[in-house]
Amino acid sequence: MRRPRQIRPFGPSALLLEWEQTINLEISNGVTAYRRALEGLPVIQECVPGYASLLVVYDPVEISEHGVKEIIFDLSLDSTPSNDAIHHRIPVAYGGIHGPDLIQVAQDKGLNPQKIIDLHCAQRYTVYILGYRPGFAFMGSLPPRLEIGRKKRPRTRVPAGSVGLAGRQTGIYPSDGPGGWQLIGRTPVSLIDSEGQTFARFAAGDRVSFYPIGTEQFQQLAKQDETWPVR
Amino acid sequence: MAGTLVISRSKGATGARLVDGGRPGYLHQGVARGGAADPVAAAKANKLLGQHPMTPCIEIPLHGGSWSLSGDGWLVLTGADMQWSLDGVQLDRYTPIRVTGSQSLRGTFAKSGCRAYLAVAGQWLLPTVLGSVEIGVPGITTSFPAGEIRIECTSPDMPPEALSPSYPNREDMVSLTAHPGPEWNWLDDREKSQLYTPYTVHPDSNRQGIRLQADSRLDRRLPELLSSPVLPGTVQWTPSGLILLGPDAQTVGGYPRVLFVPKWTAAYQLLPGARMRFKPYGDSSS
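So the protein sequences, as listed, match chains A and B. When the letters of the first sequence are read in order and numbered with the numbering used here, they come out as residues 1 to 231. When the letters of the second sequence are read in order and numbered with the numbering used here, they come out as residues 1001 to 1286.
These are calculated hints, taken from the structure and not from any lab test. Nothing here was measured: the structure is a model prediction, and the numbers come from that model. Keep in mind that a hint or two might mislead.
[Unchecked claim] FRET-style restraints, in silico, Cβ to Cβ:
1) B/R1170 x A/L25: 49 to 59 Å
2) B/R1190 x A/G177: 39 to 49 Å
3) B/G1025 x A/F73: 32 to 42 Å
4) A/R145 x B/E1224: 22 to 32 Å
5) A/E62 x B/R1190: 34 to 44 Å
Where a beta carbon is used, it is the ideal one built from N, C-alpha and C, also for glycine.
Taking the hints into account, I'd like the entire structure generated from these sequences.
Written as structure tokens, this is what we have:
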């Protein structure tokens, strides 16, 4: 776990903790550790993780900027990864109608489609941040052989559950909407729950791995009610 | 009095949307805070009806449009001056108005201010997700119901009428106090000075952000960031100019954050073409 390199104001009611600006697992563990330590405190309104930063929003009526800094400096953080981090195993139907870009991605990388699937499934990814749209988790890092750019022309509609690649990141679209990532598959499981106790399945710091399923299993899982892992 | 008021949009007001307190506390899950773009005007509308300031109401930008009202209830209009009339009779803003039977509410293009708020006394019968009626999460797919809105009406206590605020004229220069943002020191001295020169509100502005046209072009293309958290009020330096982020902005972004404006909501009562500038925090001049 790495500690932030600087802490500075973000307006009159927030502080920004910043680490070295790179995508790095130790830094991500640090961001997650600080977020977990701060977000339950009564004077802290929100903690918003970035790849290598953490925005800490507080109520300036309740506490001063100096007071929040003192809390942060006094934090005693466990450097071991938290037991709260959940490992999600996500089923994915790769290719075909579920992964319309799989063949093109394979051609661009000079690999056969099965190798793309194998490489994607071989890695355990870290959820770095949620953003872009509700519940969208940016995960990394892809193995270098899978690094690929976004589509030149984003789609106007990407179905919910679509699994995509962009840069060294992978992610799953939690809801229908436009999108520019390379779509290699689709998961039948839900990533957001508008009516449940928890809105988003993923949280920054979680681990994710993927495994392939067939079309029939996709249809079966899509019909099933599913319980998310408990935090 | 117990009754139901039904509101439907007849014509125009295509940017109208339901607003309430939004969804604070979910930024870390990629959910924008939302809420009224001018929360003071929205809260005042509800308070004049004796109800919680964050009761749902309708935010109407730029042009009032035409609305059909049917039933029995009380409403208040606040915010931008859209020369409202009910069945052709001119209405005052910032005062409760009784509605009975079938009536037609009409508004013009905003004469001052940019966003009007229409509040009704009673319980708005609308679905919520994460405690809010607002669009922005799956489960609420339209910014304004295509059909009708039903409100179980109550009789408000009658507080004193409020004075309508005056908004700046289009020709006026509006100043917003700004603090340096995290990437402030990416700019050289000339660029920092340029941030405090006048801007014009671009017509492409919306609840995600106010796009600002500089009088003199911001030439330099700054490097992008790793995706980093942003709040409403953040000013981003993008290849196409400055953007002052608003209530529906994405929660993380890759553009440099050069300023932060705590009282950003004032910008949301500026019409396209209006002039504004940023003023350094601690500068007491107007």
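Right, here's what the structure says about each hint:
In this structure, B/R1170 and A/L25 meet the distance hint of 49 to 59 Å, their C-beta atoms being roughly 52 Å apart. The hinted range of 39 to 49 Å is satisfied by B/R1190 and A/G177, whose Cβ atoms lie roughly 40 Å apart. Checked against the hint of 32 to 42 Å, the pair B/G1025 and A/F73 fails, with Cβ atoms roughly 25 Å apart. Under the hint 22 to 32 Å, the C-beta atoms of A/R145 and B/E1224, about 25 Å apart, fit the expected range.
For the pair A/E62 and B/R1190, the supplied restraint of 34 to 44 Å holds, since their beta-carbon distance comes to about 40 Å.
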